[in-house]
Structures are given as structure tokens and as C-alpha cells.
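Construct the entire structure; sequences and hints are all you get.
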Amino acid sequence: MTKARMQKLVPALVIALAGLIIGVVLANALGAGEPEAKRMSAGVPEGQRPAIGPTAPTHVQNPGAPDFASIEQRVADDPLALGDVAAPVVMLAFSDYQCPFCALWTDRTLPVMKKYVEAGQLRIEWHDISIFGEDSERAALAALAAGAQGRFWDFHDELFAGGRIRQPQQLSHEELVAVADKLGLDVAKFSVDLAAPETAQTVAKNKALGSDLGVYSTPVFVINGKPIIGAQPEATFTDAVEAALKEAGR
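Numbering (our numbering), first residue to last: 1323 to 1572.
Hints are supplied without guarantee of correctness; some may be wrong.
Computed beta-carbon distance windows for the label pairs [said to hold, decoys possible]: (1) Gly1571 - Gln1395: 37 to 45 Å; (2) Val1509 - Glu1440: 27 to 35 Å; (3) Ile1393 - Val1514: 26 to 34 Å; (4) Glu1496 - Arg1572: 27 to 35 Å; (5) Ala1408 - Ala1483: 29 to 37 Å; (6) Gln1492 - Ala1522: 33 to 41 Å; (7) Asp1503 - Ala1441: 14 to 22 Å; (8) Gly1547 - Asp1508: 18 to 26 Å; (9) His1495 - Glu1569: 15 to 23 Å; (10) Glu1497 - Ile1393: 26 to 34 Å; (11) Lys1568 - Ala1483: 20 to 28 Å; (12) Ala1408 - Gly1506: 29 to 37 Å; (13) Asp1399 - Leu1531: 37 to 45 Å.
Please keep in mind that the hints were generated in silico from the structure rather than gathered at the bench.
Computed from a predicted model, the values in this text were never measured in an experiment.
For every residue, glycine included, the Cβ atom is placed at its ideal position computed from N, Cα and C.
Next comes the structure, spelled out in C-alpha cells:
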């Protein structure tokens, strides 16, 4: 091997080794494992499967421990929240409309969580943090615009219909307006709200919140101040809610 080739390879090897070490440290710190990620991706089409490993969308790439409980908003007119503002337990959710695991969670686990919401035991506060670029951000803006008509969750569920994400071309302005029309929204108002500075400010605020907390991958959930990384099995969430209810004396 020539000296010149060695000079090219050494930096690459150093970077690869550093990445491997960081991945192992994060996996150990967060308790995230590849077997679960593989299990959850089993029903996802090949083109939509997220990568498995240290950078997979089920990992938070910051081992710090922020005070998640302090960011519970409990704002009565929050269009991205579901449930009684006085519910004993709050779930914070951080998601992206191009995250396959977020779509799977919405399809498989959200219906179970809604039962707790309907019983007045749980409030869900959703944060679209748009980490996958412009298409994700456009979808987040559209979902919030639907929220201005009280239809955020309908729009959200439609974008994740069948537990699948939409392809980027299906998140164009025209396609999102078509979704609003399909759901029976006032399309003229939807279009105005979609372009409103206030809508962009709210989306940017949610994205900044995720960044401030070190949430650089999705999905991430927080129940009773305790984070749950990734689209874990349904029992992980029901157990967490039940434990939080017990702590609250309910």
C-alpha cells in the first residue's frame, strides 16, 4: 500500500471508529436495541424502512437528561394537544411526517393511548419537529393549518394512514391542499393559515424545542417526565401510563 493511499485511509478509519464508539455509548445510555427496531420495521415496505443502527430514527443522539416534565404546556386551546388539560398524566410526543416508525406508532399504539385520553386519564401534547427537511416542515405547517379548524388529528392520521409515510412528492403544497379538501376542511381558510407567519412561527418553535432537548431523531415520547425512545411495543406505553397514574393516585 502506498504512502499516499495510507494518508487517505487513516482519517476515514478514525472517523468510522469514532462513529462506532459513539453509537455503542448512546445505545447503552439510552437502552435502545436493534432487535426491537428490526421487529417494528417488519411490516414496512422496503423503500420506507428506516436504517437500523446508531443513527436510526428510534434514537436520541444526546445522552443528557433534560427536565422533560417542565415543558408540559397544558394549554386549553392547543390545537396539537389531545385530552383534558387537567388530565393526571401528560405524554409529550416528538415526531416527523417522514419517519416510518412515527407512522407505525400512530397506526398501532395511538389508538390504545386514545382510550386513556377518552377516560380523562391522559393528555397528549404533540410536537412535529421536522428533522427530515422541507417536505416534513411543509407537512407540519399543513397539519397545524388543519388544527386552526380543529382538525389537526384528522390531518395527522391521514398523513400516516395505514401506518405508512407518504413519499416526498405526496407532501407538495398541492397534495396537502388536496388532503384538506378530502377531509372536508374549508380549503380557502386552510390555504391562508398554511401561509400565515404565525403558523410558521409555531412550527419553528416546536422544532427549536426538540433541538434544545437534544431530540435529533424520531419518534421520542415522554410520560411523567420519563423518555421512551422509539416506537416501542404497545405494552411499553401502557405500562408507563399505568405507572404514572399510580404515582398520581389514580
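Checked hints:
1. Taking 37 to 45 Å as the suggested C-beta distance range, the pair Gly1571 and Gln1395 does not conform, at roughly 23 Å.
2. Between Val1509 and Glu1440 the beta carbons are some 30 Å apart, a value that agrees with the proposed interval 27 to 35 Å.
3. Restraint check, Ile1393 to Val1514: a C-beta distance of roughly 30 Å satisfies the suggested window 26 to 34 Å.
4. At about 46 Å, the CB distance of Glu1496 to Arg1572 disagrees with the hint of 27 to 35 Å.
5. Separation of Ala1408 from Ala1483 is about 32 Å and conforms to the stated range, judged on CB atoms against 29 to 37 Å.
6. Under the hint 33 to 41 Å, the C-beta atoms of Gln1492 and Ala1522, about 21 Å apart, miss the expected range.
7. Between Asp1503 and Ala1441 the CB atoms are about 34 Å apart, so this pair departs from the stated range of 14 to 22 Å.
8. Hint check: Gly1547 to Asp1508, Cβ distance near 39 Å, so the stated range 18 to 26 Å is violated.
9. Taken as a hint, the range 15 to 23 Å is violated for the pair His1495 and Glu1569, whose Cβ atoms sit roughly 45 Å apart.
10. Taken as a hint, the range 26 to 34 Å holds for the pair Glu1497 and Ile1393, whose Cβ atoms sit roughly 32 Å apart.
11. Roughly 35 Å separates the CB atoms of Lys1568 and Ala1483, a value that falls outside the hinted 20 to 28 Å.
12. Separated by about 31 Å at the C-beta atoms, Ala1408 and Gly1506 satisfy the suggested range of 29 to 37 Å.
13. A beta carbon spacing of about 18 Å between Asp1399 and Leu1531 contradicts the range 37 to 45 Å that was offered as a hint.
Figure legend: structure checked against the earlier numbered hints; hints not met, in rising order: 1, 4, 6, 7, 8, 9, 11, 13.
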